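For this one, chain A is given, so just place chain B on it according to the hints.
These protein sequence lines are chains A and B, in that order.
The opening position of the first sequence corresponds to residue 51 in my numbering, with each subsequent residue numbered one higher.
The opening position of the second sequence corresponds to residue 548 in my numbering, with each subsequent residue numbered one higher.
Some hints could be false.
With a straight-line cut-off of 20 Å between C-alpha atoms, the simulated EDC-like cross-links for lysine to aspartate or glutamate are [said to hold, decoys possible]: (1) A:K107 x A:E117; (2) A:K115 x A:E129; (3) A:K107 x B:E645; (4) A:K65 x A:E82; (5) B:K561 x B:E626; (6) A:K59 x B:E645.
Hints were generated in silico from the structure; no laboratory data involved.
Small disclaimer: the values here were computed from a predicted structure and weren't measured.
Each chain, written out:
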Amino acid sequence: AQRVTQPEKLLSVFKGAPVELKCNYSYSGSPELFWYVQYSRQRLQLLLRHISRESIKGFTADLNKGETSFHLKKPFAQEEDSAMYYCALRSGNTGKLIFGQGTTLQVKP
Amino acid sequence: NAGVTQTPKFQVLKTGQSMTLQCAQDMNHNSMYWYRQDPGMGLRLIYYSASEGTTDKGEVPNGYNVSRLNKREFSLRLESAAPSQTSVYFCASSPHYEQYFGPGTRLTVT
Chain A
51 AQRVTQPEKL LSVFKGAPVE LKCNYSYSGS PELFWYVQYS RQRLQLLLRH ISRESIKGFT
111 ADLNKGETSF HLKKPFAQEE DSAMYYCALR SGNTGKLIFG QGTTLQVKP
Chain B
548 NAGVTQTPKF QVLKTGQSMT LQCAQDMNHN SMYWYRQDPG MGLRLIYYSA SEGTTDKGEV
608 PNGYNVSRLN KREFSLRLES AAPSQTSVYF CASSPHYEQY FGPGTRLTVT
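Here chain A stands alone, though its shape is the one from the complex (with noise of 0.2 Å):
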């Protein structure tokens, strides 16, 4: 089955403290996975996708095939960064994504 779980509903750290928001998947295939980010008031967006292997907002996110994690990362949280977080998994070939259930991250000053 095709599954995306994100254990931590909320994620609570200081600014400045590294960030590492968990993500595991189940995939019998080639997995194609991503992070989606929704700040307060705004609209749910792409923050990274694990093909492109970039650094955004000074997040990254390694694909472990062997540990089917997906984790996303950031040595120096921001408060900028507090925002509801979601993995999320392509199914085959269509469009089609399968998301976790979503960490809040909240970052205090």
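Same frame as chain A, now just chain B:
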């Protein structure tokens, strides 16, 4: 470019009432999607449309119908609303891999 627009922003329905949520995109994308967002459940796909004239069920289609009126518009209809359909509904469109989301419709069914 307005991107993806949704109407209405908020709606309160009584059990058994019907309504249609409207979605339109001006980016000439082929694919469009309807999701519902519930606390602790993430986003779940209700229906999607890979191209004009085609629609397919997603993970949670029961109680909903959709119409892909043309390339721009993709509507979601609740024929007989139930309290379990209280949720935030998001429409999205996609040219290929990235999905572009609308602002959402907050629906309460009493």
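For each hint, the structure was consulted:
1. For the suggested pair A:K107 and A:E117, the alpha carbons sit about 25 Å apart, so the restraint of at most 20 Å is broken.
2. With a C-alpha separation of about 31 Å, the suggested pair A:K115 and A:E129 falls outside the 20 Å cut-off, and the hint is violated.
3. A threshold of 20 Å between alpha carbons decides the hint, and for A:K107 with B:E645 the separation of about 18 Å falls inside it, so the pair holds.
4. At most 20 Å may separate the alpha-carbon atoms for a hinted pair to count; A:K65 and A:E82 exceed this at roughly 31 Å.
5. With a C-alpha separation of about 12 Å, the suggested pair B:K561 and B:E626 falls inside the 20 Å cut-off, and the hint holds.
6. For the hint pairing A:K59 with B:E645, the CA-to-CA distance comes to about 24 Å; that exceeds 20 Å, so the pair is violated.
In summary, the structure is inconsistent with hints 1, 2, 4, 6 from the numbered list given earlier, while agreeing with the others.
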